[in-house]
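K.L.:
Those sequence lines, one after another, are chains A and B. So the number in the working numbering is just where the residue sits in the first sequence, counting from 1, plus 256. So the number in the working numbering is just where the residue sits in the second sequence, counting from 1, plus 256.
There are no misleading hints in this set.
Note: identical chains are not told apart, hence a pair may lie in one copy or across any two.
In silico SDA-like cross-links for lysine to any residue, where the CA-CA straight-line distance does not exceed 20 Å:
hint: 1; residue 1: Lys445; residue 2: Val406
hint: 2; residue 1: Lys445; residue 2: Gly457
hint: 3; residue 1: Lys445; residue 2: Asp408
hint: 4; residue 1: Lys398; residue 2: Ala436
hint: 5; residue 1: Lys445; residue 2: Thr456
hint: 6; residue 1: Lys445; residue 2: Gly409
hint: 7; residue 1: Lys445; residue 2: Glu410
hint: 8; residue 1: Lys445; residue 2: Ala407
hint: 9; residue 1: Lys398; residue 2: Ser437
hint: 10; residue 1: Lys398; residue 2: Ala438
hint: 11; residue 1: Lys279; residue 2: Leu330
hint: 12; residue 1: Lys398; residue 2: Pro434
hint: 13; residue 1: Lys445; residue 2: Arg357
hint: 14; residue 1: Lys398; residue 2: Arg431
hint: 15; residue 1: Lys279; residue 2: Ser302
hint: 16; residue 1: Lys398; residue 2: Glu410
hint: 17; residue 1: Lys398; residue 2: Glu322
hint: 18; residue 1: Lys398; residue 2: Ala448
hint: 19; residue 1: Lys398; residue 2: Glu433
hint: 20; residue 1: Lys445; residue 2: Gly460
Bear in mind the hints are in silico, worked out from the structure with no lab data behind them.
Protein chains: 2
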Amino acid sequence: MNPSPRQTEPKRRGRRAGGEDTKAALLAAAREVFVERGYEGATVRSIAGRAGVDAAMVNHWFGGKEGLFAEAVLQVPVDINALVERLLDGPDEGIGERIVRNFLAVWDPIDGGPFAAMVRSVTSHDQVAEVLRGFFVQTLLKRLTTHLGVADGELRATLLASQIFGMGMVRYVVRFEPLASADVDTVVKAIAPNLQRYLTGDLG
Amino acid sequence: MNPSPRQTEPKRRGRRAGGEDTKAALLAAAREVFVERGYEGATVRSIAGRAGVDAAMVNHWFGGKEGLFAEAVLQVPVDINALVERLLDGPDEGIGERIVRNFLAVWDPIDGGPFAAMVRSVTSHDQVAEVLRGFFVQTLLKRLTTHLGVADGELRATLLASQIFGMGMVRYVVRFEPLASADVDTVVKAIAPNLQRYLTGDLG
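Chain A extracted, bound-state conformation:
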């Protein structure tokens, strides 16, 4: 139609629906839109539009916005909704332990994988920190504290985030021994009670 298409911008409409290139296009678009608009502001529609694919493809490939975020920004293919269900499935007093076990189950098999890159990205770009805040505090952790019905839910969520970040830093990035190589049960016994206190204990 346009006799002189702009060579610098790839043609996005007409992409094969449902293929691996659709998935890749959604990941690339998601990274851009999440950083531009924050987690809350980045709608599935806007990301799909940027990728030039149908919004239904987000559910098809990632199970929804949270899964797309996890894979695009956290770079971990984890089903966030299923994760939250696992965390909430059991007695409230065991949630600290379930958090540690699920965290290690995601990151240990890939030896931390992109954890260092994620932390580096956060320290370099204010927008990435803002996106993570929107996701972790407002979405993931808020669902936990809402479920638990505790006061000071946002403070508890940020305290939880501080210990989880720090655990990831020591285990996968700076690799301080013996915590970096400690077996899962040792880490659970050491850290889970502290997470539990942040979520359901007395904060003074």
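The hints should help you fit chain B onto chain A, whose structure is shown.
P.N.:
Frame of chain A; chain B shown alone:
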């Protein structure tokens, strides 16, 4: 003397003893030598030699190797020996609180200052992580656990490091609210008991 001095390498011998340029030369040399040899391997003599100044200048300007490390690598002008004394000055059951208050007293007034840069450096360079490990775990935190006479001192030290790192990340780098702006007493009440458990409590 040499009729054709190499323009690309600054002349280091003959630097004015005791001046600000001596201090700057020591800082630059320390960054190199700590990264090359690790915290333990970097001697005061080797750093002073690299800087082309007398080793006594390290004591003069930084109170010793630890103070030089703090200013060169952590980029915080803090007297580590005096800090350790403050942390150990009081009942053992108050050490968690003293750690939080002293950490915030260093970093809050400069709003985190170089904390993000330090974290970024750690995530980019394995050697920096190794230097930090040598300093924090082997030196600073070991002095605390040795003083407390607790078993599993190194595990406790790394657990402590995980929560302190995470607190710094949330308060100064990703700035998750409300923890990022919470007043000191709120942070102390929330986090100090968890640090205390890591240092003197039952880890399972």
